[in-house]
Every structure is written in C-alpha cells, then in structure tokens.
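J.: Protein sequence lines correspond, in order, to chains A, B, C, D, E and F.
Take the numbering used here: the last position of the first sequence gets the number 93, and nothing is skipped along the way.
Take the numbering used here: the last position of the second sequence gets the number 93, and nothing is skipped along the way.
Take the numbering used here: the last position of the third sequence gets the number 93, and nothing is skipped along the way.
Take the numbering used here: the last position of the fourth sequence gets the number 93, and nothing is skipped along the way.
Take the numbering used here: the last position of the fifth sequence gets the number 93, and nothing is skipped along the way.
Take the numbering used here: the last position of the sixth sequence gets the number 93, and nothing is skipped along the way.
Because the hints were derived from the structure by calculation, they are not lab data.
One thing to keep in mind: the hints can contain errors.
Since the list gives no way to pick one copy over another, a pair counts as held whenever it fits inside one copy or between any two copies.
Keeping only pairs whose Cα atoms sit at most 20 Å apart, straight-line, the calculated SDA-like set for lysine to any residue is [what the hints assert, rightly or not]:
#	residue 1	residue 2
1	Lys48	Trp92
2	Lys48	Arg61
3	Lys48	Glu20
4	Lys48	Asn90
5	Lys48	Val22
6	Lys41	Asn25
7	Lys48	Ala87
8	Lys48	Glu33
9	Lys48	Arg93
10	Lys48	Tyr91
11	Lys48	Met28
12	Lys48	Ser30
13	Lys48	Val29
14	Lys48	Pro23
Protein chains: 6
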Amino acid sequence: MADIELVPNNTLMVSTPEEGRALALKMARLIVKSSQPDADARARQRDVYANDPAMLIALTQTVAIEFSTIAAANNYWR
Amino acid sequence: MADIELVPNNTLMVSTPEEGRALALKMARLIVKSSQPDADARARQRDVYANDPAMLIALTQTVAIEFSTIAAANNYWR
Amino acid sequence: MADIELVPNNTLMVSTPEEGRALALKMARLIVKSSQPDADARARQRDVYANDPAMLIALTQTVAIEFSTIAAANNYWR
Amino acid sequence: MADIELVPNNTLMVSTPEEGRALALKMARLIVKSSQPDADARARQRDVYANDPAMLIALTQTVAIEFSTIAAANNYWR
Amino acid sequence: MADIELVPNNTLMVSTPEEGRALALKMARLIVKSSQPDADARARQRDVYANDPAMLIALTQTVAIEFSTIAAANNYWR
Amino acid sequence: MADIELVPNNTLMVSTPEEGRALALKMARLIVKSSQPDADARARQRDVYANDPAMLIALTQTVAIEFSTIAAANNYWR
Chain A
16 MADIELVPNN TLMVSTPEEG RALALKMARL IVKSSQPDAD ARARQRDVYA
66 NDPAMLIALT QTVAIEFSTI AAANNYWR
Chain B
16 MADIELVPNN TLMVSTPEEG RALALKMARL IVKSSQPDAD ARARQRDVYA
66 NDPAMLIALT QTVAIEFSTI AAANNYWR
Chain C
16 MADIELVPNN TLMVSTPEEG RALALKMARL IVKSSQPDAD ARARQRDVYA
66 NDPAMLIALT QTVAIEFSTI AAANNYWR
Chain D
16 MADIELVPNN TLMVSTPEEG RALALKMARL IVKSSQPDAD ARARQRDVYA
66 NDPAMLIALT QTVAIEFSTI AAANNYWR
Chain E
16 MADIELVPNN TLMVSTPEEG RALALKMARL IVKSSQPDAD ARARQRDVYA
66 NDPAMLIALT QTVAIEFSTI AAANNYWR
Chain F
16 MADIELVPNN TLMVSTPEEG RALALKMARL IVKSSQPDAD ARARQRDVYA
66 NDPAMLIALT QTVAIEFSTI AAANNYWR
C-alpha cells in the first residue's frame, strides 16, 4: 500500500451536501489510489469503468455508502 | 471528474418520501455523470442497463442505500 | 426516467412488518419501472431473474436494504 | 408476485440472536419465494447456489443486512 | 436448511474488537454451513474462494456488515 | 482459518479520519489474510485486483462499510 493521503484535510466535516458528495467520491478514489499507485494504470482503468454501466453502478454503490457516513457525521446539514 | 452539480439544490431536505426517492435516483445519476460526462455515452449505457435485469437490480441497491441516508436526514417524514 | 409513482401512498409508515416487506419489494420494483417503463420488457426480465439464483440473491440484498429503512421509520413495530 | 407470508408471525421481535439469524435467513428465502413461487424451481436453484461459493458469499451479505435490522429491532439482545 | 447453531454462545456480546471480528467471520461461515451442510463440499469451495480475489473481496464485504452489527451491539468497545 | 490478529491494537479508537481509513483498509486485508494465509498467493492476487477496475470498486465498497463502523465508533471525530 502506497503511503498516500486518504482523507483530504483529515476531516469528515464539510459545509454542504454538495461538498459531502465530492468528498465521498474523493475518498473512494483515494482507496483505489492506495491499491493502484500507478497514475497511468488508473487512467486506463477509468476509461474501462466509465464505459461499463455495471461498473458505474457499482461505483454509485460505493459513493452512496461513503456519503451515508459523511452525512451522518455532519448531522445531515439540517 | 467533470465539475458538475452533485446534489440538486444542495440539500437533503425534501418534503415527502416520493421526493426522497426521486432525489436518491438523481444523486446516483449525477455520480455517473461525473464519471462519464458524455451525454451520448450515458444514453447508450442506459439502453444497456435498462435491458439487463442484473444491472437493474444493482441500480436498485444503489437507490436503496442513497434513500436510507435521505430518509434519515428527513427523520423518515414521520 | 418515466414520471411514475415511486412510493405507494407517499409514506413509509405501515402497520406491520409484513406490510413493510411488501413495501420494500414494491419500492424496489418501482425503481426498476422508472428505468424500464416498458411493461413487456419488465415481464421478460422477470422470467430471467426468477430463474437465476444469483439475481434472486441480489434482489434479496436490495429488499434487505430497503426494509432496514422502512423498519427504522416505523421504530421496528415495537 | 405470489401472495405469501413475508415475515413469520409478522414480528421482528425474537428472543435470542440465534432466533434472529434464523429469522434473517427465513425472511430472505421468503423474498425469493415471492419472486419464484415454484417450489421445484427453487429446489433446483438451491442446488446451484449451494455449490457456488460466489453465490453463497452473496447470500451471506443478504443475511448480514437482514440481521442488522433484526438485531437493532431487538436492541441487540443486550 | 440443516439445523445447526448460527450464533456461537447465542450472544453478540464479546469482550474486544478482536473477538468481534472473529465472531463476524464465524457467523458468516455458519450461514454458509446452513446452506451447504456437506463439510467436504465446503472445503472444496474454500479452495476456490481463497484463490479468487473477487470472492475474497466479496467475503470482506460480508464480514464488514456483520461486524458493524456486532460493534454497535457492544457499543464499539468504547 | 489461520489464527492471526484481526484488529491492530485490538481497538476501533483512532485519533483521526486518516487513521480511520487506514484501519478500515487494514481490517479488510486481515480478513483476506485469515482466509488466504499464504503471503505469495496474496501478492499474486494483489496484482490481479490492482489491475481490475471492477475488483477495485468492490474493494472500495468494503472499505466504505468498514469505515462507517470505525467513524461511528469515534463519533465521527467531531
């Protein structure tokens, strides 16, 4: 595992749902980066999954789970 | 990642379960859009997954997870 | 996305666990319907997944997630 | 969808974790039954998934999700 | 379904996170056992999934879900 | 199952989200290790999944679930 940052700014606290979604996506990507540190390899993989609806749906599941944690952490921005 | 809106109106607060489901679907689609910004590519993918029961079931899993967050945020519209 | 009802009666409140399970199934099916509005296509797909144990297991995952939300909304019918 | 019982005794309340696991399994099977009412077809499918480790693992995911709801409903039998 | 024990000691209460992980793994295995009671068949399946990274990742999803329930039951061993 | 450590330091309490993500990854890997104790086999598998976007996405789902538990345990580092 590469020694990379896994949580931008090291906090789950963000100001809005919009920022929460962006953080969810980012956190998922950083896990991929930690397992596949080669940027070229990741770029090639992005071409694969961006054109595969099953993989895109799987990605939406990941983001949904990450977001549920971030939303709870921020008390749902109520 | 394209710089697009990820949460309509930047809030999880909606008036009804019906609106909550629509938001869950929309938020999932916006994640797909952020990974695949090409509208034509997404339209082609929609034809694929709309005719593939395994992908449709996977989509229902995503929506179920997104909705659980939205429902909690809205205190289940009790 | 077809403009269809996504939550019957627009409420998560149901009287019993039995009704909660039926609602979970129904809500999942309505997401499929919103992505695949053609009733004949859905009927053909039902024949496919009803005879595919992997898809049936995936369906049970969806229902389990939807039900967790409905059960929490109803305070588990305690 | 066949009109069958989806929750035995129409309650999530059970006395022990052991009963909770059995209920989780049963509730998942009843969803399968509602989508595939033919008992012979289900028996054939059972032979398939019981010999397919990927499907068995998928089944354990379903049971884990159902059980999380049942355990919360019973306050974890604390 | 074979009539086997599904929860060791019939409790979710364990003393440490370490024991909680072991319980999560064990509970998942007992669901497999209940669906595939033949020990030789399970041993053959273990050889398959232990050498298939996709199945191993799927197994980690199951354990993660089971553990979330056990951890909540034990108030996270705070 | 090999008798290995499943939770580093036997605690879910960590100081920061960054450490929480690292713990989530580590706990997932230790489950893999417990099912596949052979280090060479795991290294070969890592080459497989690090180059397979579908498996990497599945891995991100696991980490997301593990992290949700760790984040709750730490009260989201609020």
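J.: When the structure is checked against the list of hints, which entries are broken? Sort them ascending.
T.: 1, 4, 7, 9, 10, 11, 12 and 13
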